[in-house]
Amino acid sequence: MALKDESAQMKAVMFRQRNVLAGFFPAVGDKLEVLAQLAMYEQRGELQLIIDVMKKAGQGNLHEQYLQLKTKLTQEGLFESARKRPLPSVVFNLGVITSLQAAALADVKQALARRAPHVEYSVYHTAVQGEQAAAQIIEALRKADSAGHEALILCRGGGSLEDLWSFNMEAVVRAVAACKTPIVVGVGHETDVTLAEFAADLRAATPTAAAELISRPTRELLTEIQGLHVGLRKALRHRAQTLVQRVDRAELGLLTPTAYLHALESRLNNASSRLPRLVEHSFRREANSVQSLWESISLEMNAVQVSANRGAQSLESRLMGAQRRGIAVLDSRLDRLDSVVEAVSPQRTLERGYAFLQPQHGDAVIRSVMDVEPGAALRATLSDGEILVNVREKTELRGPLTEDVKNSR
Numbered sequence: 045m046a047l048k049d050e051s052a053q054m055k056a057v058m059f060r061q062r063n064v065l066a067g068f069f070p071a072v073g074d075k076l077e078v079l080a081q082l083a084m085y086e087q088r089g090e091l092q093l094i095i096d097v098m099k100k101a102g103q104g105n106l107h108e109q110y111l112q113l114k115t116k117l118t119q120e121g122l123f124e125s126a127r128k129r130p131l132p133s134v135v136f137n138l139g140v141i142t143s144l145q146a147a148a149l150a151d152v153k154q155a156l157a158r159r160a161p162h163v164e165y166s167v168y169h170t171a172v173q174g175e176q177a178a179a180q181i182i183e184a185l186r187k188a189d190s191a192g193h194e195a196l197i198l199c200r201g202g203g204s205l206e207d208l209w210s211f212n213m214e215a216v217v218r219a220v221a222a223c224k225t226p227i228v229v230g231v232g233h234e235t236d237v238t239l240a241e242f243a244a245d246l247r248a249a250t251p252t253a254a255a256e257l258i259s260r261p262t263r264e265l266l267t268e269i270q271g272l273h274v275g276l277r278k279a280l281r282h283r284a285q286t287l288v289q290r291v292d293r294a295e296l297g298l299l300t301p302t303a304y305l306h307a308l309e310s311r312l313n314n315a316s317s318r319l320p321r322l323v324e325h326s327f328r329r330e331a332n333s334v335q336s337l338w339e340s341i342s343l344e345m346n347a348v349q350v351s352a353n354r355g356a357q358s359l360e361s362r363l364m365g366a367q368r369r370g371i372a373v374l375d376s377r378l379d380r381l382d383s384v385v386e387a388v389s390p391q392r393t394l395e396r397g398y399a400f401l402q403p404q405h406g407d408a409v410i411r412s413v414m415d416v417e418p419g420a421a422l423r424a425t426l427s428d429g430e431i432l433v434n435v436r437e438k439t440e441l442r443g444p445l446t447e448d449v450k451n452s453r
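In our numbering, the protein residues as written are 45 to 453.
I should point out that these hints are in silico values taken from the structure, not numbers from a laboratory. Cβ coordinates follow ideal geometry from the N, Cα and C atoms, glycine included. Keep in mind that the hints are not guaranteed to be accurate.
Here are the simulated lysine-lysine pairs, DSSO-like style, with alpha carbons at most 27 angstroms apart [to be verified]:
#: 1; residue 1: Lys99; residue 2: Lys128
#: 2; residue 1: Lys99; residue 2: Lys48
#: 3; residue 1: Lys100; residue 2: Lys48
#: 4; residue 1: Lys128; residue 2: Lys48
#: 5; residue 1: Lys128; residue 2: Lys75
#: 6; residue 1: Lys114; residue 2: Lys224
#: 7; residue 1: Lys99; residue 2: Lys116
#: 8; residue 1: Lys55; residue 2: Lys128
#: 9; residue 1: Lys116; residue 2: Lys100
#: 10; residue 1: Lys114; residue 2: Lys75
#: 11; residue 1: Lys55; residue 2: Lys75
#: 12; residue 1: Lys153; residue 2: Lys128
#: 13; residue 1: Lys116; residue 2: Lys153
#: 14; residue 1: Lys100; residue 2: Lys114
#: 15; residue 1: Lys99; residue 2: Lys55
Here are the computed distance ranges between Cβ atoms for each label pair [claimed, not checked]:
#: 16; residue 1: Leu343; residue 2: Ala366; range: 32 to 40 angstroms
#: 17; residue 1: Ser351; residue 2: Leu381; range: 42 to 50 angstroms
#: 18; residue 1: Leu272; residue 2: Ala150; range: 30 to 38 angstroms
Generate the whole structure from the sequences, applying the supplied hints.
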């Protein structure tokens, strides 16, 4: 085989035992990553590559992404069987999401035409590989899911991991899981397993298998309908026989027309004679009920009025008493405060024979002999006026009184 890139190509060989380890045989157009040795093919004088390891380009990274996303969604419970819905037992209206050019669509059409021609289907076109495929698949799923189909099929044919990668993208997988309509996903061949298939309500190995799983054979349905038809005819026949027997028994107990009319006339006369008494009795009963209700209401209103008057009088009395007691307490406290203020007032102290000294031209109160010097002019305030004095000399007292004066300073 030959390997080439944009600018050159070179022949390459891979021996059988090495190719078995690779797990696939490359096809024309495959993009590969190889680990090879450069060797000379002496018989032809050509350089060639001897391949030891080969894998599809990007496959290792994609496979790692596949496993990581599968683990993540499995842990979320997106693939749990408990959230999967059963398919309808019979489907008459089907939505198919795939490419109009895909071989998978031809497989689905052929399977339905052969197996279940009674199924009507609508095709929602989308790209199934490439950069735009994921967004188109999601939009097609949304349209099909809201169209009122009984079931959906999402399918495409086989391909490489890169070709099928749109069906492994997280947004597509979540869109499949979010479908409200039961959905079957069949992508690729039996060996191809995409994450979208795990999220579906049912996985099909191929598009053909998807069409077969979602549809019951028309012949099987016709056989079942015929059986139901036979059973229904038997049930109707039995029901008709039962009704005929009931009619026969009823005829035996029927009165003649004349006797029936006489019976009706007698019942009418009895009802006519009873009607005035029934009306009068009903009127009296209702009148008594109204009178009794009025008396009960009057008694209740009187009792409520009396209770309200008593409550108001009691409340007024309590308020007046509380007001008088509050005023008395305030008067008493005011008297005590007046006595205290009067006892400690400066005027009362001066009346007991004391005086306080201030500088002749100042407002400070002299508290100690240390605050004045001999010859100072002072102003002495007594209870009935002021006098001016001159300090001739000062003598400092010794003892507890002196200490008290110092401490007060």
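Against the structure, the hints:
{"no.": "1", "hint": "Lys99 / Lys128", "in the structure": "violated, 36 angstroms"}
{"no.": "2", "hint": "Lys99 / Lys48", "in the structure": "holds, 15 angstroms"}
{"no.": "3", "hint": "Lys100 / Lys48", "in the structure": "holds, 14 angstroms"}
{"no.": "4", "hint": "Lys128 / Lys48", "in the structure": "violated, 47 angstroms"}
{"no.": "5", "hint": "Lys128 / Lys75", "in the structure": "violated, 38 angstroms"}
{"no.": "6", "hint": "Lys114 / Lys224", "in the structure": "holds, 22 angstroms"}
{"no.": "7", "hint": "Lys99 / Lys116", "in the structure": "holds, 26 angstroms"}
{"no.": "8", "hint": "Lys55 / Lys128", "in the structure": "violated, 51 angstroms"}
{"no.": "9", "hint": "Lys116 / Lys100", "in the structure": "holds, 25 angstroms"}
{"no.": "10", "hint": "Lys114 / Lys75", "in the structure": "holds, 25 angstroms"}
{"no.": "11", "hint": "Lys55 / Lys75", "in the structure": "holds, 15 angstroms"}
{"no.": "12", "hint": "Lys153 / Lys128", "in the structure": "holds, 26 angstroms"}
{"no.": "13", "hint": "Lys116 / Lys153", "in the structure": "violated, 36 angstroms"}
{"no.": "14", "hint": "Lys100 / Lys114", "in the structure": "holds, 21 angstroms"}
{"no.": "15", "hint": "Lys99 / Lys55", "in the structure": "holds, 17 angstroms"}
{"no.": "16", "hint": "Leu343 / Ala366: 32 to 40 angstroms", "in the structure": "holds, 35 angstroms"}
{"no.": "17", "hint": "Ser351 / Leu381: 42 to 50 angstroms", "in the structure": "holds, 45 angstroms"}
{"no.": "18", "hint": "Leu272 / Ala150: 30 to 38 angstroms", "in the structure": "holds, 35 angstroms"}
The earlier numbered hints that this structure contradicts are 1, 4, 5, 8, 13.
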